[in-house]
Amino acid sequence: MKIGKLWKKGSRILAIFKHRFSSEELIQIFVTCSFPIHVWAIPNMFRDVPSWLLHLTRSELVGAVSYTLTFMLVESIFVFACILLLGLLIPKRWIGPSIVPFCFVLLIELSLLAIAIQYLTLKYVLYRRLLVVAAILLAIVVAFAVSRIQKLNNIFVAIIKRLTVLTFLYIFVDIVALVVVFTRIL
Amino acid sequence: MKPTINRRGFLKLASLIPFTSPILSASNPEFEEQRTNADTPNVIIIVFDAFSAHDASLYGFNRETTPNLLRFAEHATVFHRHYSAGNFTTPGTSSLLTGTYPWTHRAINHYGTLLDAYNDRNVFSEFGGGDYTRIGFTHNFFASLILDHLKANLDEFILPNEVALIDYNLADNIFPWDYSIASQSETFYFKKPDRLSDSLFLFPILWSIREKINNLLIDRLEGNFPKGIPGDHDVLYPLEDTIDWIMEQLRRWSQPFLAYLHMMPPHDPYRPRKDFIDLYLDGWQPPSKPDHFFGDFPNRQHILDGHRIFYDQFIAYVDAEFGRLHDYLQETGVFDNSIVILTSDHGEMFERKIWQHTTPTLFQPIIRVPLLISTPGQTSRQDVRTTTCSVDVLPTLLHLTKRQIPSWVEGTVLPPYTPQNQPPDRSIFAVEAKSNPKIGPLRKATVAMIKGEFKLIYYRGYQGYDDVYELYNLEQDPDELENLYSTQSSIALALKNELLAKIEEKDAPFIQSDSD
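As given, the protein sequences belong to chains A and B, one line each in that order. If you number the first sequence the way my numbering does, the last residue is 188 and the count never jumps. If you number the second sequence the way my numbering does, the last residue is 613 and the count never jumps.
Excised from the complex, chain A in its bound form (with noise of 0.2 Å):
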C-alpha cells in the first residue's frame, strides 16, 4: 500500500520534468551523470582493495565494496537531480533540444574541474575559485558552441548512446550492492 502511494508520488514528480525532458532524454541525462561518477570512482576503488585485502574477510571486503558502490549510486541520483533541477530552472529556449549534449559536456567539464581541484587546490582557495569562474565560462561557451553546431550535438548524442548499455552495467551493479548494504544492516 505505502509502496504503491510512493510510486504514485514519484510518478507525479516525474510528470514535472517529463513536460520538459522526454523519456529517453531522462535515460540519457543520468548516463550522463552515472557514467563519469563510475569511471572516476571504481578504478580509485581498486586502487583501495589491495589494503582491504590486507586486514578484511572476505565478506567484509563484500561489504567494503558494497558499501562504496552504494555511495555511487547516491551520488550519480544528487546529481542527476541537480541536473534537472538546472533544467527546471534554465528557460527552454535557451537550449531547445540539445539538452542531452549539453548535459555531457558540462559534467565532463565539471569532472575535470573536480578532479582539478582534487588534485591541486584544495588547499589553495584563491586558486580554486579562479577555476571555479574559468569552468562557468567555458561552460558558457561550450554550451552556445553545443546548440549552435548540429554535428557536435549528432556526435555528443551518438557517444550518450553507446554509453548507455555499459552505465546501465553499473547501475545493475550498484542496485546489488544496495540489496549487500540493506541486508549488512537490517
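Hints in this document: simulated from the structure, not taken from any laboratory. A couple of the hints might just be wrong.
Computed from the model, here is a short list of chain B residues facing chain A with C-beta under 7 Å [said to hold, decoys possible]: (1) Gly209; (2) Phe272; (3) Gln281; (4) Phe285; (5) Leu293; (6) Leu299; (7) Pro534.
Over the 12 Å line for every Cβ pair with chain B, so calculated as not near, a few chain A residues [what the hints assert, rightly or not]: (8) Lys10; (9) Lys11; (10) Glu26; (11) Glu27; (12) Leu28; (13) Gly65; (14) Gly89; (15) Pro93; (16) Val107; (17) Ile138; (18) Val144; (19) Leu154; (20) Val167; (21) Ile177.
Even glycine gets a Cβ: it sits at the ideal position worked out from N, Cα and C.
Could you slot chain B onto chain A? The hints should help.
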C-alpha cells in the same frame, strides 16, 4: 527487674553473631558501598593519543609541558620506561586492551581490527560477569573500529558524535549497526586525507561546506582556537567539552565501572587553545640526529622543530584540561575508590627527517609513552624504572581487582603491585607491520626488542632494507645516536637470536594457516 543471662544462654547468643553480621551489613547502605568499593574499585583508563613521554616535563623534558601530570604523579606510580607495543593507534590501543602483542592480536594494519578470538579476550570481557559497568569511548576513528569489534562486551559504546561539536561522519549516524565497514568505506569514498577521493562531485562540495561550517564554528568560539578547533578530518571536539562530558558521566555511570576514555589530543593536527600558542618560543633545539633511511620529511630540521613547538603547546593544553579533570576527581573523592590510569597508545617524532608516527621505525619518541597509575587512596608518589609495556596494563588491572589472569595474556603484573619482582632481563617488544597481511607470518615488519639497557630494532622485508638491524644502548645513549650493531657483535647476536626465535614462535600459527 534485673536482666539475667546464664553461661549457656550467652553461648547461644554468641553462636548467632556470624549469621547476623551479613544481615546488619546489608541493611546499612553506607557499609555496603564501602565493602563494594574495597573489593571492586572503579577503573578509569585515560588515554591521550600520540602522547610521547619524550615531550612531557614529568619525564624530564626541558619545556614545562605537564605541570598537572606532575600533580597527579604526587599520588600515583610513575613508570619511566614504559613502551607502547605499537607505533600507531590500531596496534597500540589493541595491545593495551588485550594484554597481547600486535603479532598475536593482529590488529596491525591501518583500519585493522583484532582477530575474532580477541572479541572475548580483552579488558572488557575480563571485567564482565555483571559486577562492572563497562564503558568504551574514543574520539579516534581507528580506536573506534577496535571498540566496535569489542562492543558485545561493552555496556556502553560511545561513538565520537556523542561529544563532538560537529561530526561529519555518516556512519556514526546512519550505519551504527555496521559501523566498522560502513565507516571505512565512507572514509575512502568521501574524504581520504591527502589522497584522491573516490567521490568526484560530492567530495569537493562537502569539503567546501565543511570549510565554511568550520570557519563559522571558529568564529562562534570567539577566537579561542585560532589554529582551528581540535579534532580530525571528520569530527571537531574541543577537549574542554569532552572533559566536561566525562565529569557528567562519572556522576551517571553506576559503580563500579570500568571506563576506557580515549581522547585524540595531542594527536596531529596540533590545535591548542589561544592561551597556549605563545608558549615555548624559546629557541631551544633538540640534539642533532642523523637522517634515517625511512625519513621522508621534505624540509629541514628547523621546520620539524617548529612542528614540535606546536605539539608541545598542544600537550600543555591537554595537560591543563587533564588538570581540570584531576581536580574534579580529587574533589569528588573518585581517587579514593578508583584505579586511575593515564597513558597513550603511541608517541610522536620530530627528528631524522621523520614527522609524527606514520613510519616503519620504532625510535624512542614514537614508542615510549607515559604511564601513571593511581590506586585507591594512594597518597604518595612511587617511581618505577623497570622496563614495562602496554601489554602489562591488563594483567595489572586484573591483579589489582583480584581477578584471575588468563593464560593468553602476554604481559605481566607491573612491578610495584606484585610481591615478586620481574626478572631483570625480561624482554619487551614493539611491532610495526601495517603493510603485512593480517593473517600471515610477518614478512614486512619492524620489530623492536628492549632488554635491559639494550634495544634491538629489526627491519624485515622492506625493499632495499631487508634484514637490517640497529642496536642501541639506552642507558649510555638515550637519543639512539650510535648504532652498536656491528661493534657489539656478541650482544647483537644474542639479542638477534632471541628476537628471531620469538618471531618464529609467533609466526608459527600463521605459517600453518598460510600453507592451508
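Consistency of the hints with the structure:
1. At about 4 Å, the closest approach between the beta carbon of B:Gly209 and any beta carbon in chain A falls short of 7 Å, and the interface hint on this residue holds.
2. The interface hint given for B:Phe272 is met, as the beta carbon of that residue sits about 6 Å from the closest beta carbon of chain A, less than 7 Å.
3. At its closest, the beta carbon of B:Gln281 sits 6 Å from a beta carbon of chain A; the interface hint therefore holds under the 7 Å criterion.
4. Because the beta carbon of B:Phe285 sits about 5 Å from the nearest beta carbon in chain A, less than 7 Å, this interface hint is met.
5. With a least beta-carbon distance of about 5 Å to chain A, the hint placing B:Leu293 at the interface is held under the 7 Å criterion.
6. Nearest Cβ of chain A to the Cβ of B:Leu299: about 5 Å, under the 7 Å cut. The hint holds.
7. Evaluation of the B:Pro534 hint against chain A yields a held restraint, the C-beta minimum of about 5 Å falling below 7 Å.
8. Chain B leaves A:Lys10 outside its interface by the beta-carbon criterion, the shortest separation being 27 Å against a cut-off of 12 Å.
9. Residue placement check: A:Lys11 keeps its beta carbon more than 12 Å from all beta carbons of chain B (closest about 23 Å).
10. The claim that A:Glu26 is not at the interface with chain B holds, since no C-beta of that chain comes within 12 Å of its own (minimum 24 Å).
11. No beta-carbon of chain B is positioned within 12 Å of the beta-carbon of A:Glu27; the least distance is around 21 Å.
12. Remark: the non-interface label on A:Leu28 is consistent with the geometry, its nearest Cβ contact in chain B lying 19 Å away (cut-off 12 Å).
13. Its beta-carbon lying about 4 Å from the closest one in chain B, A:Gly65 breaks the requirement of being farther than 12 Å from that chain.
14. At roughly 17 Å from the closest C-beta of chain B, the C-beta of A:Gly89 stays outside 12 Å, upholding its exclusion from the interface.
15. Remark: the non-interface label on A:Pro93 is consistent with the geometry, its nearest Cβ contact in chain B lying 25 Å away (cut-off 12 Å).
16. No beta-carbon of chain B is positioned within 12 Å of the beta-carbon of A:Val107; the least distance is around 16 Å.
17. Interface exclusion of A:Ile138 from chain B stands, the closest Cβ pair being 15 Å apart, more than 12 Å.
18. Every Cβ of chain B is farther than 12 Å from the Cβ of A:Val144; the closest lies at roughly 18 Å, confirming the non-interface assignment.
19. In this structure A:Leu154 is separated from chain B by more than 12 Å, as the shortest Cβ-Cβ distance comes to about 24 Å.
20. With a closest Cβ-Cβ approach of about 21 Å to chain B, A:Val167 is found to remain outside the 12 Å limit, as its non-interface label requires.
21. Consistency note on A:Ile177: stated as away from chain B, and its beta-carbon is indeed over 12 Å from all of that chain's, at 17 Å minimum.
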